[in-house]
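Sequence lines, in order, name chains A and B. Using my numbering, you'd call the opening residue of the first sequence number 1 and step up by one each time. Using my numbering, you'd call the opening residue of the second sequence number 433 and step up by one each time.
Misleading hints may appear alongside valid ones.
One side only, chain B facing chain A, incomplete, derived with CB under 8 Å [claimed, not checked]: (1) T550; (2) S554; (3) S557; (4) S651; (5) R653; (6) K744; (7) Y770; (8) D771; (9) Q802; (10) K806; (11) A813; (12) S861; (13) M899.
Result set (SDA-like, lysine to any residue): computed pairs, CA atoms no more than 20 Å apart in a straight line [stated by the list, open to error]: (14) A/K414 <-> B/R812; (15) B/K822 <-> A/S399; (16) B/K727 <-> B/I816; (17) A/K414 <-> B/I816.
No lab work stands behind these hints, which were simulated from the structure alone. Each residue gets a CB set at the ideal place from its N, CA and C atoms; glycine is no exception.
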Amino acid sequence: MRQATKQRAGRAVSLSTATCAALLLTTAHPSLLDAQAIAITNARIHPIAGPVIPQGTVVIEDGRIAAVGPNVAVPDGARVIDASGKVVTPGFLDNASTLGLVEIGAVPGTNDMSTSDDAITAAFTVVDAINPLSTLIPVTRVEGITRAVVQPRNGSSLIAGTGALIDLGGDRVTAMLHANPTAMYAVLGESGAGRAGGSRGAAVLRLREALEDARDYASNRTAYAESRRRDYAPSRLDLEALVPVVEGEVPLAVGVHRASDILATLRLAQDFGLRLILMGVAEGWTVADDIAGAGVPVVLAPMQNIPRFERLANSHENAARLDQAGVNVAFATFDAHNSRNLKQLAGNAVAYGMPHDAALRAVTVNGARIWGIDDRYGTIEVGRDADVVVWSGDPFELSTTVENVFIRGREMSKETRQRELLERYRSLPTRP
Amino acid sequence: MMRSSPALLFAGLLAAGCATSTAEPGAQPAPEAEPAAEPFASTYTPLPSRPTLIRNATVLTAAGPRLENASVLLVEGKIVAVGQSVTAPADALVVDGAGKWVTPGLIDSHSHLGVYPTPGGSAVSDGNEATSPNTAQVWAEHSVWPQDHQFELARAGGVTAMQILPGSANLFGGRGVTLKNVPARTVQGMKFPGAPHGLKMACGENPKRVYGRRNSSPSTRMGNVAGYRAAWIGAAKYRDKWKRWRAKGGGADSTEMPDRDLKLETLAGVLEGDILVHNHCYRADEMAVMIDIAKEFGYRIASFHHGVEAYKVRDLLAAEGICGSLWADWWGFKLEAYDGIKENLALVDEAGACAIVHSDSPSGIQRLNQEAAKAMTAGRAAGIDVIYEKAIRWITLNPAKAIGIDDVTGSLEPGKNADVVIWTGDPFSVYSKAEKVYLDGALLYDLNDPSTHRKSDFFLGQPVGGMTQ
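Could you build the full structure based on these sequences and the hints that come with them?
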């Protein structure tokens with residue numbers, strides 16, 4: 001309530017404005033910026049955009065990267081952070097999460113990940129459900145994750161709705177949005193089959209039907225409004241949301257694991273000329289060349305290797321092999337409370353064959369390219385948003401701690417609910 | 433810590449009157465002949481091994497300081513020597529451990545491998561007998577599928593032993609079983625010889641949710657507690673009945689021989705100290721209540737499990753000698769898990785209680801070392817002096833203690849079972865892997881030898897799958 005009454009007007013996201021998403025809210029909120037310049041000096045810098053700078057300086061001004069390099073002058077009056085022996089990277093991006101949609105998984109009132117309302121599927125958008133004051137957000141960002149794609153989970157429909165990409169440094173969702181929608185999310189495979197009467201084939205057919213209806217609707221809106229058009233399977237709201245998908249403006253992100261489901265999804269995307277993103281893809285490595293050939297990016301969690309019937313070819317090496325085949329691979333936790341473990345996922349991908357620099361890209365710029373924000377985020381280059389993290393060492397190593405986190409130039413507090421619990425119980429009271 | 437088998441003890445109670453007893457039709461089957469000393473007895477036998485000397489390695493023994501450039505000698509399934517000057521027998525296979533680390537085999541005090549096996553689904557979902565709040569009569573070993581491929585995955589993560597527990601739907605979930613992580617056709621072939629049974633108990637949200645939804649008891653935490661206490665009253669009565677019968681000479685009058693009751697037999701085994709209580713419990717205040725219940729009825733709790741609030745009552749855990757089987761960083765999936773903090777393990781350890789990294793997960797069990805590493809880092813960042821020598825115990829000696837096998841495994845000490853892992857590097861690094869895994873001196877898994885990367889039966893003939901990597 002407190003937030004709702006303070007919500008700024010004029011930044012609301014219209015259901016029909018999916019196409020202008022990229023224009024939304026990329027201007028930094030002035031109050032988020034530190035006026036003083038910041039210089040992080042003597043750091044080992046991973047600019048992502050180029051080779052590692054073994055000892056260099058990053059200058060942050062007005063929320064952006066103002067300078068980076070081995071021989072950069074520290075501006076007068078700048079706050080200097082001596083990062084000798086430390087490592088600097090862009091803040092990490094969790095490419096699929098439910099951050100902001102859930103406080104406690106098993107407490108329904110705090111869990112807005114999905115809707116069982118059949119009348120709202122494609123039209124469902126996470127933006128109005130995101131709680132920027134969720135305690136999970138500070139818990140995640142103090143670990144070096146500065147941005148997250150928030151995606152809906154599927155309710156009873158195989159189309160879940162649209163997601164959004166937020167930074168983790170604000171207190172109003174409108175000021176945290178960087179891409180909205182990121183994509184239209186759907187599931188096929190076993191998960192889709194369960195929502196389409198029990199067969200994978202039926203799930204694909206239902207998705208095709210929705211896309212065909214949306215395509216027809218797009219060129220017959222007037223006739224539809226005057227009830228002069230055939231019935232469509234999706235509701236009007238859902239058709240509106242699907243139009244930018246069939247017009248190729250909003251990607252369709254499909255969760256699939258089995259090789260045959262991945263190939264069926266590639267066929268569907270080709271038939272409709274969609275921008276496809278594959279999510280999950282546990283067996284992706286077995287059809288890596290098909291995915292690479294279609295130019296389709298993937299979002300995956302690298303540590304999944306528990307075989308299930310639709311993922312018998314699960315492998316720790318999935319990420320490395322897809323990367324090797326030339327697929328744009330971005331990492332995700334598909335989680336909220338454990339989003340902070342994105343670093344551990346990336347480290348394990350490296351342990352199982354992915355080059356370290358490729359894994360760094362998979363938690364920074366690769367996702368930025370998928371979501372269309374790579375002109376603002378994902379590298380340490382002059383002009384980019386200053387999402388910058390100072391690490392005590394290799395960001396993927398389990399002994400490494402986070403020293404400083406900047407989101408769009410503003411240093412984040414280390415305070416979290418968990419830190420307060422620690423402080424309260426660091427010494428135990430003598431009374432029971 | 434190794435105790436006589438509970439089944440053995442009850443068999444002893446029963447045997448005296450067995451010869452003359454007569455089963456009545458429809459009654460509880462009373463044993464007519466002396467029952468097996470231990471039903472479903474372990475048939476495990478170590479795989480062939482040869483004397484092996486691991487040299488020049490960094491060794492974390494879990495029983496003392498880190499040893500550099502040290503050797504570990506394994507002979508006939510046992511650890512014979514650990515130290516900087518170990519001479520090997522002439523026939524010993526010498527393994528160069530330069531740049532590598534050696535630890536005891538990892539142990540998980542809380543796993544559901546085999547009872548929730550891969551490839552999943554209701555056909556093999558055998559972990560929760562959620563039909564009554566008290567199912568102390570069920571034994572997890574009767575659900576374990578030895579062909580669960582997840583055993584292979586855990587072995588590749590360096591796990592040599594684990595306790596398989598029933599789920600947490602019930603106040604009393606049933607008996608747990610401790611297994612050696614060895615390929616076998618039968619569960620008996622995996623059972624850890626001499627290991628005591630566990631009893632899974634559960635606090636809090638799960639039992640009250642499962643039964644509350646059915647409009648039956650328990651539907652509240654106070655209902656949970658009433659359920660535990662009523663069961664222990666019945667168990668004490670049952671134990672005393674058998675004691676009295678035995679005191680009277682056991683069998684002098686066979687008609688007075690009590691009927692066997694599998695549920696009460698398990699609970700009485702706890703009261704006799706033969707079965708170890710493993711208590712799923714998240715909240716600090718509930719742990720304190722469970723401790724009082726244990727005192728009221730005269731049993732011990734071996735370990736609380738999950739215990740995301742263990743740090744709030746770590747003094748109680750230390751004073752009562754109760755282990756905390758904990759996660760490194762799981763939190764928030766339900767309200768009773770909301771106060772989880774990453775320093776939990778380090779704080780419990782610092783208080784002098786027995787801290788354990790447990791998995792409760794087929795993924796987590798493959799990376800117990802990584803989970804311990806995260807907890808160690810969090811502790812250090814909070815100013816708690818967690819050294820490698822402590823953290824290694826969280827995944828070896830301490831779980832061994834909690835499940836009652838620490839006299840034979842869990843540390844690298846002469847005379848103990850040769851359950852050993854050679855790591856490619858620092859075991860607390862995200863980049864390290866278990867390179868060689870020995871169980872009772874036999875090399876079961878070698879990262880660099882695909883012939884040791886076993887597939888379960890299920891994966892035979894599948895075009896893909898069954899990879900340990």
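These are the hints, each one checked on the structure:
| no. | hint | verdict |
| --- | --- | --- |
| 1 | T550 | holds (5 Å) |
| 2 | S554 | violated (12 Å) |
| 3 | S557 | violated (13 Å) |
| 4 | S651 | violated (16 Å) |
| 5 | R653 | violated (15 Å) |
| 6 | K744 | holds (5 Å) |
| 7 | Y770 | holds (6 Å) |
| 8 | D771 | holds (6 Å) |
| 9 | Q802 | holds (6 Å) |
| 10 | K806 | holds (5 Å) |
| 11 | A813 | holds (5 Å) |
| 12 | S861 | holds (6 Å) |
| 13 | M899 | holds (5 Å) |
| 14 | A/K414 <-> B/R812 | holds (16 Å) |
| 15 | B/K822 <-> A/S399 | holds (15 Å) |
| 16 | B/K727 <-> B/I816 | violated (32 Å) |
| 17 | A/K414 <-> B/I816 | holds (18 Å) |
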